Amino acid sequence: MDPAEVEFLAENQMVSIVPNFNFERIYLISGDVGPFRAGLPVQVPIWMATNLRQRQKCRIIAPDWMNTEKLEQVKEEESQSRFFTKMPSEHYMVEGHLLLGAASEDIPHADEIRTILKDIWDMRMSKLRSSVDAFIKIGGTHAKLDHLTAMEINSIRPLLPHALDELYKLQKIVRIISI
Amino acid sequence: MENADDVALSDEEPITAQKVLQTLQEVWLNEKFSPELLQHQSDLVDCILDQMQQMEENLQKLKKNDFRVVIHRMELDRIRYIVTDYLRIRLNKIETYVIHVLEQDVSRSTEDAFLSPPELKFAKEFLAHMEDHFRLIALRHMPSNVQDFDKAKMVVIPNISSHVFLRAKQSITGVVIEGDVENREEEVDLEENSQHIMQYKPIADYLKTGAVQLI
Amino acid sequence: MNFGSLSHYLSIEDLFATQERLPCKFVVPVHRLGFLDPSSENEDIAVGTTVELPYWLAQSLCSRRCNIVKVEIPKIYKEAYREILKADACVVDLHKFGLFFYEFGAYLSRLEHRDSTEIGSVLVQTFKERFRQVMDWAHNSGTDPAVTQRLDSLERALFREGHQTRAQLDAWLSEGAGQITAAEMVINHKKRKLAVLDDFC
Numbered sequence: 001m002d003p004a005e006v007e008f009l010a011e012n013q014m015v016s017i018v019p020n021f022n023f024e025r026i027y028l029i030s031g032d033v034g035p036f037r038a039g040l041p042v043q044v045p046i047w048m049a050t051n052l053r054q055r056q057k058c059r060i061i062a063p064d065w066m067n068t069e070k071l072e073q074v075k076e077e078e079s080q081s082r083f084f085t086k087m088p089s090e091h092y093m094v095e096g097h098l099l100l101g102a103a104s105e106d107i108p109h110a111d112e113i114r115t116i117l118k119d120i121w122d123m124r125m126s127k128l129r130s131s132v133d134a135f136i137k138i139g140g141t142h143a144k145l146d147h148l149t150a151m152e153i154n155s156i157r158p159l160l161p162h163a164l165d166e167l168y169k170l171q172k173i174v175r176i177i178s179i
Numbered sequence: 001m002e003n004a005d006d007v008a009l010s011d012e013e014p015i016t017a018q019k020v021l022q023t024l025q026e027v028w029l030n031e032k033f034s035p036e037l038l039q040h041q042s043d044l045v046d047c048i049l050d051q052m053q054q055m056e057e058n059l060q061k062l063k064k065n066d067f068r069v070v071i072h073r074m075e076l077d078r079i080r081y082i083v084t085d086y087l088r089i090r091l092n093k094i095e096t097y098v099i100h101v102l103e104q105d106v107s108r109s110t111e112d113a114f115l116s117p118p119e120l121k122f123a124k125e126f127l128a129h130m131e132d133h134f135r136l137i138a139l140r141h142m143p144s145n146v147q148d149f150d151k152a153k154m155v156v157i158p159n160i161s162s163h164v165f166l167r168a169k170q171s172i173t174g175v176v177i178e179g180d181v182e183n184r185e186e187e188v189d190l191e192e193n194s195q196h197i198m199q200y201k202p203i204a205d206y207l208k209t210g211a212v213q214l215i
Numbered sequence: 001m002n003f004g005s006l007s008h009y010l011s012i013e014d015l016f017a018t019q020e021r022l023p024c025k026f027v028v029p030v031h032r033l034g035f036l037d038p039s040s041e042n043e044d045i046a047v048g049t050t051v052e053l054p055y056w057l058a059q060s061l062c063s064r065r066c067n068i069v070k071v072e073i074p075k076i077y078k079e080a081y082r083e084i085l086k087a088d089a090c091v092v093d094l095h096k097f098g099l100f101f102y103e104f105g106a107y108l109s110r111l112e113h114r115d116s117t118e119i120g121s122v123l124v125q126t127f128k129e130r131f132r133q134v135m136d137w138a139h140n141s142g143t144d145p146a147v148t149q150r151l152d153s154l155e156r157a158l159f160r161e162g163h164q165t166r167a168q169l170d171a172w173l174s175e176g177a178g179q180i181t182a183a184e185m186v187i188n189h190k191k192r193k194l195a196v197l198d199d200f201c
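Chains as they are written, first to last, in the working numbering: chain H, 1 to 179; chain W, 1 to 215; chain Z, 1 to 201.
Read the hints as simulated data drawn from the structure, not as lab findings. Computed from a predicted structure; not experimentally measured. Any given hint could turn out to be false.
What the hints assert, rightly or not - Derived lysine-lysine pairs resembling BS3-like cross-links, with alpha carbons at most 25 angstroms apart:
{"id": "1", "chain 1": "Z", "residue 1": "Lys96", "chain 2": "H", "residue 2": "Lys86"}
{"id": "2", "chain 1": "H", "residue 1": "Lys137", "chain 2": "W", "residue 2": "Lys201"}
{"id": "3", "chain 1": "W", "residue 1": "Lys169", "chain 2": "H", "residue 2": "Lys86"}
{"id": "4", "chain 1": "W", "residue 1": "Lys64", "chain 2": "H", "residue 2": "Lys57"}
{"id": "5", "chain 1": "Z", "residue 1": "Lys25", "chain 2": "H", "residue 2": "Lys169"}
{"id": "6", "chain 1": "H", "residue 1": "Lys86", "chain 2": "H", "residue 2": "Lys70"}
{"id": "7", "chain 1": "H", "residue 1": "Lys169", "chain 2": "W", "residue 2": "Lys201"}
To be verified - Computed, partial: chain Z to chain W, Cβ under 8 angstroms:
{"id": "8", "residue": "Tyr9"}
{"id": "9", "residue": "Leu10"}
{"id": "10", "residue": "Ser63"}
For glycine and all other residues, C-beta sits at the position ideal for the given N, C-alpha and C.
Model the full assembly from the supplied sequences, consistent with the hints where possible.
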């Protein structure tokens, strides 16, 4: 899957905005949004939030977890753990990317947040590579991947599944011969 | 467009358009990541297309500069992407596995068919064209004893032993995974909401009942 | 699009892999096929003659039903070479061993030969050992493309996939994915329509 498609999925996540206009409720196929009252926070999907922000019709409120204090804590936990820790959002990297890209003025310490997110991402990618290698080395057939986010899973596709497919074929031959 | 209509899907109880869209997105991802062609979901697709059609008509009634127009158009484009990508993935699989999918559907009743009626028509035509093409460019120039278009030999079969990523939507106990080199069979339990990588084969039936989602 | 189909009649890789040659010793005389042995002028093949035949042919000549040749294992799958792979698979230029090292090896080990099991397990072991290297090369944007020349075709395919994923991901991380673009066919179709319109002007 293309990273753009993972981003597409993440854009369905809800985020709070503060609109600078008034408008009645909008009946989208994917669910209702609004009503919009100038100055009052309201939840909308990210795809809509970034569009409204580009048209200067709102300000985006950073999700609870998108602040330096919380993220430093997440980073600390990730570095202390041998395993993947639970991320504050299923799409933390994409949300960071989209919201900081569209509205860095709305989010306090945007640059620092960007850096910490990248640190967390890099740490997890390196863990991922090691665990993929270990998994192949033991010739594993099943692995639990809890807490891996969609973009992270996508980063080892199709390489990992295909490597396992090939390994399976080779191992099967050995098994058939030795019977 | 003051109300989000409840829509009826076949004779089941009415469900919201929102739910239909959500299901379609899951169906799309399952089709994208599963090695084999899954059962068609024409009811779902038709239902969403109706919704989109209705929305398009409603948008015609709005003034061009109405605030809602841009938003609704964006949403329509997003849904259209899912629908077209879904149908395109299916066509791609049908082309790749055409002999196999046609053979499989012969033994199924109309209600259980994996190909939708238009897909069935497409598959048959595709295979006929393939055969014509092979005859025209190669087979007719061959010695007469090897001029046959042997479907059994040409068949391409999806590799259901290939590995997929999945999330368990409910707990499943005792999924049996084929053995490794030492031929040890492994039995695993999938907790609700846990994520895994493993072969498609042992979870294929759970995918069809909706107990797992490919990711 | 690759859905990971099984090897099949029209698979090019499979055709190539089964075209690799292996030494075959004739155990019965064969009339009128002397031309298979380029070093001899004889019309017939005599018992004991060794000729290199492609796998697809060799395989059908050495079955239990039709015992015409005895296959020998090509040297890269023999013990001396297997020992090299066991010592350190990562330093080996696998491409020099054979472009279809794994695929051909897999076919070979299916022939009933006393080394079959050994060959099979060396394939598995070699693949496991070298995977990290293939993955790291694929994931490192600074990788010298020349390194892939040391990989066999299966490893190359994995490298290419990994490399492409990484390039897409890096592009996304550095500037965002931008818009999901229409398939080329759609764009071309629009262009064609425009071109048709142009003709009328």
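Structure-based check of all given hints:
1. Z:Lys96 - H:Lys86: The given pair, whose Cα atoms are some 45 angstroms apart, is violated under the 25 angstroms limit.
2. H:Lys137 - W:Lys201: The given pair, whose Cα atoms are some 23 angstroms apart, holds under the 25 angstroms limit.
3. W:Lys169 - H:Lys86: holds, 18 angstroms
4. W:Lys64 - H:Lys57: Since the Cα atoms of W:Lys64 and H:Lys57 sit roughly 18 angstroms apart, the hinted pair holds (cutoff 25 angstroms).
5. Z:Lys25 - H:Lys169: violated, 29 angstroms
6. H:Lys86 - H:Lys70: Distance ~13 angstroms between H:Lys86 and H:Lys70 Cα, so the pair holds.
7. H:Lys169 - W:Lys201: holds, 14 angstroms
8. Tyr9: Holds. Min distance 5 angstroms.
9. Leu10: Holds - the Cβ of Z:Leu10 comes within 8 angstroms of chain W, reaching about 7 angstroms at its closest.
10. Ser63: Since chain W brings no Cβ nearer than about 19 angstroms to Z:Ser63, farther than 8 angstroms, the hint is violated.
Of the numbered hints given earlier, the model fails hints 1, 5 and 10; all others are met.
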